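From just these sequences and the hints, can you work out the full model?
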Amino acid sequence: MNIVVLVKQVPDSGLARRLDAQLRVDRNGANNVMGELDEYAVEAALQLKEAHGGEVTVLTLGPSQATETVRKVLAMGADKAVHIEDDAVGGSDALTTSAILAAALGRLEWDLVIAGAESTDSGMGVMPQLLAARTGKPALTGARKIDTDGSAITVEHQRANGYDVLSADLPAIVSVWDTINTPRYPSLKGIMAAKRKPVETLTLADLGVGEAGPAAASNEVLSAADRPARTAGEIVTDEGQGGVALAGFLAAEKFI
Amino acid sequence: MTDILVYVPNSGKHAAEVLTLGRTLGDVSAIAFDDASAALAGEYGAAKVYRVDAAGADDYFVDPKATVLIDLARSVAPGFFLLPSTDEGKALAARVAVALENGLLTDVSGLEADGTVTQDAFAGATIVKSKTTKGFTLATVKAGSTEPAPAPGAPTVEAVAATVAENDQRVKVVERVDEPAGDRPGLAEAGIVVSGGRGVGSAEDFALIERVADALGGAVGASRAATDAGYYPHKFQVGQTGTTVSPQLYVAAGISGAIQHRAGMQTSRVIVAVNKDADAPIFGMADFGVVGDLFQVLPQALEEIEKRK
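Respectively, the protein sequence lines represent chains A and B. Just so you know, we're using UniProt numbering here: the first sequence kicks off at 1 and counts up by one. Just so you know, we're using UniProt numbering here: the second sequence kicks off at 1 and counts up by one.
These are calculated hints, taken from the structure and not from any lab test. Keep in mind the model is a prediction, meaning the values are calculated, not measured. A virtual CB, placed ideally from N, CA and C, is assigned to each residue, including glycine. It is possible that some hints are incorrect.
Stated by the list, open to error - Calculated lysine-lysine pairs in the BS3-like style (CA-CA distance at most 25 Å, straight line):
1. A:254 <-> A:80
2. B:13 <-> B:48
3. A:195 <-> A:49
4. A:49 <-> A:137
5. B:48 <-> A:254
6. A:145 <-> B:172
7. A:195 <-> A:80
8. B:307 <-> A:145
9. A:137 <-> B:172
10. B:172 <-> A:254
11. A:49 <-> A:197
12. A:137 <-> A:189
13. A:145 <-> A:49
14. A:80 <-> A:49
15. A:49 <-> A:254
Stated by the list, open to error - Counterexamples of contact, computed for chain A against chain B with all Cβ distances above 10 Å:
16. 32
17. 95
18. 123
19. 139
20. 196
Structure follows, in structure tokens:
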């Protein structure tokens, strides 16, 4: 079973993030990491490969520094990588991004595409469905569990108050939540082996994609402002009456 | 007036909020796949209801509904097409966006008549204003973006008969399993959320968090540290990798306030924190904080709440 896993390098969500002067996500800082949920997608792909054989291909779209993320996935155990790198990509919206990724998927042989349920930078959570629409393949999103026999796939689609069991024939596109597994760390051996694994770099011209970036975008960011920082209110130290003080505050705010 | 298309799932408050917001922009035409949704649309002021009868659609994932929405969007050519920002709403919006090559805006918290929308970037740290430049304003609306305001009326009803195409039958729903959270409100929609963190210390002691939530009529949440430690189920996680909440009141007990967690709750109107560590970052954003042992403070607060009721 051949699997393509989608990964995206994002600014570390554990640190301060901002938009740059062009109102795009500032990726020039040194704090770029693999999208947090992507690690679960990679682990799911590797586990399926271990059970069913085949190859895991990493597909990413991003600037040259995204190579670090690609290498990490190869070190975890993926077999090869496709890195779409083109200066014209910067500032692309989700629709354009999906067209570029779909063009790349069209060049690859796959039974299954696995992605994280959403990125931790833009956080839209729509890419699997956008790709389903563009590739004509079914999407089973938000999985907390995946089962496959190599020809069909069954997932538990997580929702707020339960889950739905979904099934479809392969090839299909799946996205996963972090409830699905515990991602492995790259081993030293894996890190060494990753250096010899093939990474194909593609441009938009290679993919036959015309316009990208802000000119092709279907949305425009008009302005961005930092949310006014919350300031600390009244902080009391419990010396026996902390609970009473807390209830008093809730009453004053009319919550009780 | 501009036509405002609103997809109304049978999900109560969130759908009512989207209908309420839609009404501020123009005449709302609601899309309902069942009677309860159609009734909700009428109660919240829709001028028109497309009552879709798509026999068998429930046996499949989002695809049959997406086809109906795409057809309606094409024929109505609305000024706005609004959906709740849920997994389903986003999936449907994505399908409409590709089919019509139309702009797509997700998780909006505000909408203006000229199409300008407000969104939170970086989980609330940055406020962004955006506009669609291709097609109509296709947007999914975050839960808690407005207070639902009923405006009961008698909308005109247009019956829409849809058949489920073979191509839309590829993802089957084999089983729907509900894991109800008792009588508590849903986390994303709750007006009050009481969350516990690592400081709660055990699964058993989360009962104290539940008692506080129940006393206030709120939902229970948990930090990632607490869900990772197995104190509480993952689906109640508030944070970057869990649910983003924006309640009127957020109570954080035994939660230090790592960025991962703050990302999921920093747009709450009032934040209250209880933590042993006076240096915990959560105090920097709390409207009211108690430095102390949550096992002393919360039981005493509960007693006082009961007294005041």
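Okay, the hints, checked on the actual structure:
no. : hint            : in the structure
1   : A:254 <-> A:80  : violated, 59 Å
2   : B:13 <-> B:48   : holds, 20 Å
3   : A:195 <-> A:49  : holds, 20 Å
4   : A:49 <-> A:137  : holds, 21 Å
5   : B:48 <-> A:254  : violated, 38 Å
6   : A:145 <-> B:172 : holds, 16 Å
7   : A:195 <-> A:80  : holds, 11 Å
8   : B:307 <-> A:145 : violated, 46 Å
9   : A:137 <-> B:172 : holds, 14 Å
10  : B:172 <-> A:254 : violated, 47 Å
11  : A:49 <-> A:197  : holds, 17 Å
12  : A:137 <-> A:189 : violated, 36 Å
13  : A:145 <-> A:49  : holds, 15 Å
14  : A:80 <-> A:49   : holds, 13 Å
15  : A:49 <-> A:254  : violated, 56 Å
16  : 32              : holds, 14 Å
17  : 95              : violated, 6 Å
18  : 123             : violated, 7 Å
19  : 139             : violated, 7 Å
20  : 196             : holds, 33 Å
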